[in-house]
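Chemist: Assemble chains C and W onto chain G, guided by the hints.
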Amino acid sequence: MGIIDRIDRITSRSIKDETKLQGLKLALNMVDLTTLEGADTENKVRQLCNKAQHLHDAYPGLPTVAAVCVYPNFVKTAKQCLKGSGINVASVATAFPSGQSSLEVKLLDTKIAIDNGAEEVDMVISRGKFHEGDYNFVFDEIATIKEACGKSRLKVILETGELGSFDKVRKASDIAILAGADFIKTSTGKISPAATLPVTLVMLEAIKDHYYKTGIQVGMKPAGGISNAKLALQYLMLVKETLGADWLTNQWFRFGASSLANDLLMQIVKQQTGVYQSKDYFSKD
Amino acid sequence: MTKKTIKINFDTGWDLAPAPESTSHIQLNEQYELFIGGKWVKPSSGKYFATVNPATEEKIAMVADANEKDVDKAVKAARKAYNEVWSKMPAKERGKYIYRIARLIQEKARELAVIESMDGGKPIRESRDVDVPLAAAHFFYYAGWADKLDYAFPNRKPQSLGVAGQITPWNFPLLMAAWKIAPALATGNTVVLKPAETTPLTALKLAEIIQEAGLPDGVVNIITGAGETGAAIVNHNDVDKIAFTGSTGVGKIIQNAVAGTNKKVTLELGGKAANIIFEDAALDQAVEGIINGIYFNQGHVCCAGSRLFVEESVYDIVLRKLKDRMESLIVGNPLDKNTDIGAINSKEQLTTINNYLKIGKSEGAEMYQSNCVVPKKGYWCKPTLFTNVSQSNRIVQEEIFGPVLAIQTFRTVAEVIEKANNTPFGLSAGVWTDKGSKLFNLSSQLKAGIIWGNTFNKFDPTSPFGGYKESGFGREGGLHGLKPYLKF
Amino acid sequence: MSRLEILKTYKIYIGGKFPRTESGRYYTPKNGSTPLANICLSSRKDFRNAVVSARDAFGGWSGATAYNRSQILYRIAEMLEGRKAQFIDELTKQGSTKATAEKEVNVAIDRIIYYAGWADKYTQLFSTVNPVATSHFNFTLPEPTGVVSIIAPEDTSLIGLVSAIIPVITSGNTCVVLASENKPLCAITFAEVINSSDVPGGVINILTGTRKELQSHMASHMDVNALLYAGSDKKEITALQKQAVENLKRVVVRDFSTNYDEKHNNPYYIEDFVEMKTTWHPIEKIGAAGSGY
Chain G
1 MGIIDRIDRI TSRSIKDETK LQGLKLALNM VDLTTLEGAD TENKVRQLCN KAQHLHDAYP
61 GLPTVAAVCV YPNFVKTAKQ CLKGSGINVA SVATAFPSGQ SSLEVKLLDT KIAIDNGAEE
121 VDMVISRGKF HEGDYNFVFD EIATIKEACG KSRLKVILET GELGSFDKVR KASDIAILAG
181 ADFIKTSTGK ISPAATLPVT LVMLEAIKDH YYKTGIQVGM KPAGGISNAK LALQYLMLVK
241 ETLGADWLTN QWFRFGASSL ANDLLMQIVK QQTGVYQSKD YFSKD
Chain C
1001 MTKKTIKINF DTGWDLAPAP ESTSHIQLNE QYELFIGGKW VKPSSGKYFA TVNPATEEKI
1061 AMVADANEKD VDKAVKAARK AYNEVWSKMP AKERGKYIYR IARLIQEKAR ELAVIESMDG
1121 GKPIRESRDV DVPLAAAHFF YYAGWADKLD YAFPNRKPQS LGVAGQITPW NFPLLMAAWK
1181 IAPALATGNT VVLKPAETTP LTALKLAEII QEAGLPDGVV NIITGAGETG AAIVNHNDVD
1241 KIAFTGSTGV GKIIQNAVAG TNKKVTLELG GKAANIIFED AALDQAVEGI INGIYFNQGH
1301 VCCAGSRLFV EESVYDIVLR KLKDRMESLI VGNPLDKNTD IGAINSKEQL TTINNYLKIG
1361 KSEGAEMYQS NCVVPKKGYW CKPTLFTNVS QSNRIVQEEI FGPVLAIQTF RTVAEVIEKA
1421 NNTPFGLSAG VWTDKGSKLF NLSSQLKAGI IWGNTFNKFD PTSPFGGYKE SGFGREGGLH
1481 GLKPYLKF
Chain W
2001 MSRLEILKTY KIYIGGKFPR TESGRYYTPK NGSTPLANIC LSSRKDFRNA VVSARDAFGG
2061 WSGATAYNRS QILYRIAEML EGRKAQFIDE LTKQGSTKAT AEKEVNVAID RIIYYAGWAD
2121 KYTQLFSTVN PVATSHFNFT LPEPTGVVSI IAPEDTSLIG LVSAIIPVIT SGNTCVVLAS
2181 ENKPLCAITF AEVINSSDVP GGVINILTGT RKELQSHMAS HMDVNALLYA GSDKKEITAL
2241 QKQAVENLKR VVVRDFSTNY DEKHNNPYYI EDFVEMKTTW HPIEKIGAAG SGY
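Quick mapping for you: the protein sequence lines, in order, are chains G, C and W. Counting along the first sequence from 1, when you hit position 67 you're at 67 in our numbering, and nothing is skipped either side. Numbers given in our numbering equal positions in the second sequence, counted from 1, plus 1000. Numbers given in our numbering equal positions in the third sequence, counted from 1, plus 2000.
It should be emphasised that the hints constitute simulated quantities derived from the structure, not laboratory data. Quick reminder that beta carbons are idealized off the backbone N, C-alpha and C, glycines included.
In silico BS3-like pairs for lysine-lysine, Cα to Cα no more than 27 Å straight-line:
id, chain 1, residue 1, chain 2, residue 2
1, G, K208, C, K1007
2, C, K1323, G, K213
3, C, K1337, G, K16
4, C, K1092, W, K2103
5, G, K16, C, K1382
6, W, K2285, C, K1435
7, W, K2285, C, K1469
8, C, K1382, G, K208
9, C, K1108, C, K1096
10, C, K1438, W, K2285
Under 7 Å between C-beta atoms, here's a sample of chain C residues computed to sit facing chain W:
id, residue
11, Y1141
12, G1144
13, Y1151
14, V1413
15, I1417
16, G1436
17, S1437
18, K1438
19, F1440
20, N1441
21, S1444
22, Q1445
23, T1462
24, L1479
Next up, chain G with everything else stripped away, as it sits in the complex:
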């Protein structure tokens, strides 16, 4: 109950003018530009990487996105395209999105991504095992993949839409954090519901409690369902009021989204010019 009330307070915050522009640019810098379709091809990935580097050249001084997120077999291509840009390559792994496979397959999946140069890995937890109550299994799996990641940062996807209640989301968050996650992430984006503000609040609280106990920071990434700038700003407001300054950077907070970037760009241009924008003026790659 209290979660919904808290979110109502956040969503009724009025974010205007300078605050809005600052927030929009910050949000843009936090986007993991994503393509995870069965129909993805080399060219699709190349085009996405191009977009990542040329968000909207008509408007100078824009920040870049944080990363591009793809399937493991496209990491090599993405790395080539993004060479020298400062934008990371994140790869999903561990039999994304369902996670219904053996540990061997999941480790191999991860290894391929790492060997090809992915700086970040987004793994999925075994939701089935979680619902069976085998929390040790879930923990061990995460810890093993973390080890395989080496220096690359591990994001752990909880798939909150399959967990069923806020209590379970909290439990899964705690397990992932203790097992060594660098980031906890809400969703694969393949099912509905994906990320929501209430679920994000629960995860941020888990991160906060852990920080107070250990001094260790863990990042957070809501993914899927964040299609417009207004919503993105509400997420940032939530982070600001829950975790404060240290988390308001793309080191510790990301948005997993594909069409969000263009909406952010449209809103940024609107803030500067005062005129509402049309989608026709922003490239779709």
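Modeler: Just chains C and W, lined up with the frame of chain G:
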């Protein structure tokens, strides 16, 4: 080697730009007369007083000062309307008038919300999202009862009383007017209402709405004034019923004044509610409930959760979470859409609150306030909490009516029930635990008129509200809210 | 030449939309010898589709707050008041005098307002907290039964229809209604009123056609929870009651012949279509005076 103190850094540099609600669309007169017999009538004394915006200390408008003569005029108008029109009208037509009032409040909702914030100091978010919608809902709910009263009282024939004299407070001016007027009209009574002297404007706008609804002249009369005007209403011998919301002190004066008369009375008075957090509560949500219970509406709430009891095993964690959450509360211009805590209603009230802060410190309590910045002009109080207190402290016993929380710990269920009940007040209480059987145990033993389980400060027109002991008697809202306005 | 009028086509109302009957058939009710219009002769498939819509709409409608439902019912009354002239016109076409027609519409509007006022109160009337002898918190409250088939009164075009439908949906039920066979015009125009009143699609579905063809389906459909039959034909009633047995449908028979009688304004018409649920929860006994309700 010293351990670095782990703290969340809220100094983000990403601050909220002002987001003021527009006031260009509202309509306010420079001066208001008394609304008697369906007309705007000048006060007999010719005297007016100013109503001031507590956030800016600027005058908003002048309102009339009603004296005994004016009160008499108003009661006569109410009596005439009762005898000649209202008591004769078919119940379902009465109901339709009340529906009209509800609809008009909805249509003018934004204007009413802005005026409420300007006049009283509460943030626009509260008046827009809570006060005004609930006021409309109250009229809607009671409109439906007008022609159904026989069902509410099995085996009895309910009848209206006549003229109701009603006095409302400054903390929820429009909402309290709705709580008073709606049931009175639905049950067939006519009304003379006096709003609080620091917040008369929304009641006067309501008078305009009542005119627009076409309510027959004299059915509702709204007269402004201070304590003396209220006393004149209470003492008038042609008033059948008195309804008062305000301080316990004045409530006792009223009860005294009607002793020996046939007047029916309901009183909704002060409180010092216990908010109880158990170790097995959902702590983050409980913290949200604590904040809601004492800081929103600047703590100007009779049912505010002003005495916090935390099970000792989770005291440190709850205190830490509470302080963190307090850092995100914004105190400021009530008309800014981002403001969480508005202005203190008046200079007098601020003085009272500051006095209690002094008393608290002198009693040995430890005071903590959040780091927010308050504006230079206007009446402001930062969200405050006191630790190192016990039941014997004055700040724990007496109602402060400000954003000030007193925190104690407890160890067992029996202990906290005893302490929670150890007060002459009994309006509300909050209980936070995930264990159902514990919740019902507490709710059945706490001596308070409203128990909030895992929630706080929830109101609904269908839900009866009222106190035990010195928090008053009688209920407002719900089926139970009809009874005070009827005889059988 | 004076201006040519655009004549209205009367379709049926399912799922918030106005389709024609899937059977493509029509019939022509008359006022004396004057034909009124070509009215859809609905088939059992239309009824089947309507039940699907009603079932889909049930979750949302019963899940809405009572306050929300009361606001919507009030809005229906508002819209009907605004369209009074159109209804008076249709009623006179179907044989009423102007005075009777006006009375019929006024009573219909007031009746809707009456039930709008019950939406957030009937629960307070019909619920109880039960003082059981063991340490439990025990409460009983009504829940809407589900999808209701309504066979509307035959003898009136508007007031009977409204009196049958509104109490059923007040508590959150959804319904499929068969309009009066010989006076169906107002039913479809009323569907237009409903459609413009924020009533979610599927909450009320209105079919035109014959009792003979559709009644048995309305009584036997396994996904319909209750049946309201307006009339007094003993043979018909017995047949319907027998057909309702298979899924233990609740069958309510009402005589609407005295439409203007106050008895049709009462909360028990709502209570006829709810189920009573009782919940128990333990109360632990710790503390001073002793706990319990």
